[in-house]
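Participant: Fit chain B to the supplied structure of chain C, relying on the hints for placement.
Respectively, the protein sequence lines represent chains C and B. The working numbering puts the last residue of the first sequence at 196; the count rises by one with no breaks. The working numbering puts the last residue of the second sequence at 393; the count rises by one with no breaks.
Source of the hints: derived by calculation from the structure; they are not laboratory data. Be aware that one or more of the hints could be misleading.
Stated by the list, open to error - Capping the alpha-carbon separation at 27 angstroms, the derived lysine-lysine pairs in BS3-like fashion look like this: (1) C/Lys45 with C/Lys119; (2) B/Lys389 with C/Lys43; (3) C/Lys123 with C/Lys76; (4) C/Lys53 with B/Lys108.
In this text, all values refer to a predicted model and were calculated from it rather than measured experimentally.
Here is what each chain is made of, one letter per residue.
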Amino acid sequence: MIYSEKVMDHFQNPRNVGTIPDADGIGQVGNPVCGDMMTFYVKVKDDRLTDIKFQTFGCGAAIAVSSIVSEMAMGKTLEEAMDITNDKVAEELGGLPKNKLHCSNLGADALHKAIEDYKSRSKPGAKEAAAGAAPEVQEAHDEKCCCPYCDGPLDGMQAVCSCHHCDIELVECPECGKYTNHADETCVSCGAKIAT
Amino acid sequence: MRRVYLDHIAATPLLPGVLEAMLPFLRERFGNPQSLHSDGPAALEAVEEAREMVAGLIRASASEILFTASGSESNNLALKGLALANRNRGTHLVCSAIEHSSVLNSVKSLERLGFTATPVAVDQDGLVNPQDVEKALTKTTTLVSVMLANAEVGTIEPVAEIAKICRVRNVLVHTDAVAAVGNIPVDTRALSVDALSLAGDQFYGPKGGAALYLKKGTRIVPLIEGGIQEGGRRGGTENVAAIVGLGKAAEIAREKMEERTEKARTLRERLIAGLSRTADHVLLTGHRELRLPHHASFCIKFIEGEAMLLNLDMRGIAASSGSACTSKALKASHVLLAMGLDHATAQGSLVFSLIEDNSAEDIDYLLEVFPPIIDRLRKMSPLYTEYLKERRK
Chain C
1 MIYSEKVMDH FQNPRNVGTI PDADGIGQVG NPVCGDMMTF YVKVKDDRLT DIKFQTFGCG
61 AAIAVSSIVS EMAMGKTLEE AMDITNDKVA EELGGLPKNK LHCSNLGADA LHKAIEDYKS
121 RSKPGAKEAA AGAAPEVQEA HDEKCCCPYC DGPLDGMQAV CSCHHCDIEL VECPECGKYT
181 NHADETCVSC GAKIAT
Chain B
1 MRRVYLDHIA ATPLLPGVLE AMLPFLRERF GNPQSLHSDG PAALEAVEEA REMVAGLIRA
61 SASEILFTAS GSESNNLALK GLALANRNRG THLVCSAIEH SSVLNSVKSL ERLGFTATPV
121 AVDQDGLVNP QDVEKALTKT TTLVSVMLAN AEVGTIEPVA EIAKICRVRN VLVHTDAVAA
181 VGNIPVDTRA LSVDALSLAG DQFYGPKGGA ALYLKKGTRI VPLIEGGIQE GGRRGGTENV
241 AAIVGLGKAA EIAREKMEER TEKARTLRER LIAGLSRTAD HVLLTGHREL RLPHHASFCI
301 KFIEGEAMLL NLDMRGIAAS SGSACTSKAL KASHVLLAMG LDHATAQGSL VFSLIEDNSA
361 EDIDYLLEVF PPIIDRLRKM SPLYTEYLKE RRK
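So here's chain B without its partners, still in its complex pose:
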């Protein structure tokens, strides 16, 4: 059966070149980078090379890159580490309502420690208004965290504008750029943020290879205390293979950025236009223009996401959903609800995110297979029957 992978936001495949670069560090170059014997420097050199590569991808200095094990860890470290390091200056935080759970739950945990937080609402496209961030700032605000791009709806946020406002007020800015880095050009200097999270598994690197950009001179309290790794800001023996993989993926992403985004955008437009043509009552979620090039997200009215995912999977298509039924806790996506969608509509959430191997034929296959699935599920939906009845009136 044809397999079409459209779930970039969940995981990207490892590029062959990335795997090749990693393998020696799982075999003969297994040394601990901190060892004084000759195996140490051999590993350390690879780690530092990877640091250069990651820095190069986001226009930072190598010394500003701190390796972590996941985007979630980077977000935890940024939120907790920066909030705690600046506690004597103030205890108020601001973040958007559509942040990843690793940001929102870090904020909750800080609230239990005595911090206060103001969530900033988004509009129906999932956009944060920089003026709303400005209004949320108080005299004791020390940190603002707004994501660069949202993985569920693809919207790209005006982080540079927000950072500009915060800079004047001497407030630190963190951005969760996990969904963005490697997929759109990201420039820490232009964004003018103090901290930025990224993860290699979002751009064809390995899981377990992630990083936090921390602007030179920014103080942070470590989450993992231990040895002198990462300048004492993150203890634990370096995951050398994953770090090397992240570095290689960053190098490739930088080289292929334009080609990748161009191709993804073309296919995305084919998907959005095609689905709008072949199915009715389909709502594009997220901003129409300001969105990740590889991202097409929808709410399919009157039916539920998990049922769609299972049907698509049976036809070889992999995608994601933010419906309540697909979440362990059976709660609808906080992102979709924050954008003002009602529960029934949010239940129909479906996210297609492209990887670089996808072709026009993949999209055409989806467009051939998906509309009949929608029809079949609607035929058994009481909400659709109700809608038809209402329309007849």
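This is chain C alone, in the form it adopts within the complex:
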């Protein structure tokens, strides 16, 4: 089995699956081009996450990541929840295969987006404006996947492109074809050596 026991447990028995119709915040990340899509719904009371639900389209790792993120964040303050990083998620799951690490980014991102959505809605004056607005969905671009480090959108679709958020230049790994940091010696996704 390519996954740890804990991943398989969360994959088989995912916690907190579903939607919250009157959610205080909704966060959606990913697109089918990259492989996975996650939607997180949160309820907030007195700065604490009182309920979390998610839906995930994706592989075993993506489902397990969503499940454990929901568990890790449940009952936490918003600040604590924003502190949940992809590293912590992967660690909590007993590790993930290298090429599935990006799934842990997605889980933390989706949760953070939902919290940010809540914050923007609860800003004075923003409530009315946000109430009717649908959650922001990343568009699926052909071949244009997301930054392997921050999952943000990428600039350019050639062999070399850049992520403005991380301020790095990305190149296609000759081994697995995924984008990786040009300055790095090895590919973030598969570990192959990158010729510089």
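Facilitator: Relative to chain C, chain B alone:
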């Protein structure tokens, strides 16, 4: 727990008779076929017998069979070897968009050497139109490579028609028949191709036993240079046991061809009809009629392949998927995308391919276990929720 193996395209089990035939060559008959002492001829004889068997399966002459270590090697040898041997005649190649990566990457590598290539598109069923191949030919085209059957979607391509067009234009034709040989009747004379790849692990032979059919008189540049093995076209001491296994598997495949295809077709129809009845939003991929008899491939909408495979495996069922999540590089199957499927649909790819041991009960077990898995994954899919919302509008 019940185990149901439905992943023929990944590997087939070794037939007991094949293993029996191989064992002496891993034990007492270990000699090098090229040795002059008496151990040599004993091994060489077995290799040449296997060559006859393989030739017999595809209606070729023994001298037209060249042993290799894998279908990928055969494809590499055909593409690079034929392109390089005909370089002075031209440097343009044509292949279909749904070829195996061993063909596509060989073409890429040839492009770096100065060759040019034209990929030919396929229709929504994965079929290559021979007219499109004809249109792609230029004055400098020397080689066309179109697979006989696609392992991911099961579609059988009109290779004989394509070869007919190419023959008139003096263009060589290679076909990757790895998924086809041993599973459907293949006749190199009727196909009229110059080169054809096959692999024993696709018809109950051992891994490591594969071959390239090369029509008599066809020049090729070897990939592996060494001694005089395989007429100097592929150096390296012969993998005698694997070659013997391939030969035995070919002999059995020829004898049992009709029985195998008939049985596989019946079970396949049971699977396709059954799944269409028990699950909705299920799309059959590949051509409905022109497909491998043991092959049933689908895209299950709104959910992803790896999640399905893991769930099926927990219930003892082995299958394959072309989803991005199941690939190391996290890229969706180029075959499904070439057939015009969008990424989300391609993510739901699932391939069931039957082996000869499968029974009607196996299919019924799959049909009992699989629909609840689909339901469970859809319940947690944001795409399905979205779909339901849209439908309510």
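Participant: Work down the list of hints and note, for each, if the structure agrees.
Facilitator: Verification of the hints:
Distance restraint check for C/Lys45 and C/Lys119: the Cα-Cα separation of roughly 12 angstroms lies within the 27 angstroms cut-off, and the hinted pair is therefore satisfied. The hinted pair formed by B/Lys389 and C/Lys43 meets the criterion: a straight-line CA distance of about 21 angstroms does not exceed 27 angstroms. Of the supplied pair hints, the one linking C/Lys123 and C/Lys76 holds, its CA atoms being roughly 21 angstroms apart against a limit of 27 angstroms. A distance of roughly 46 angstroms separates the Cα atoms of C/Lys53 and B/Lys108; the hinted pair therefore is violated under the 27 angstroms criterion.
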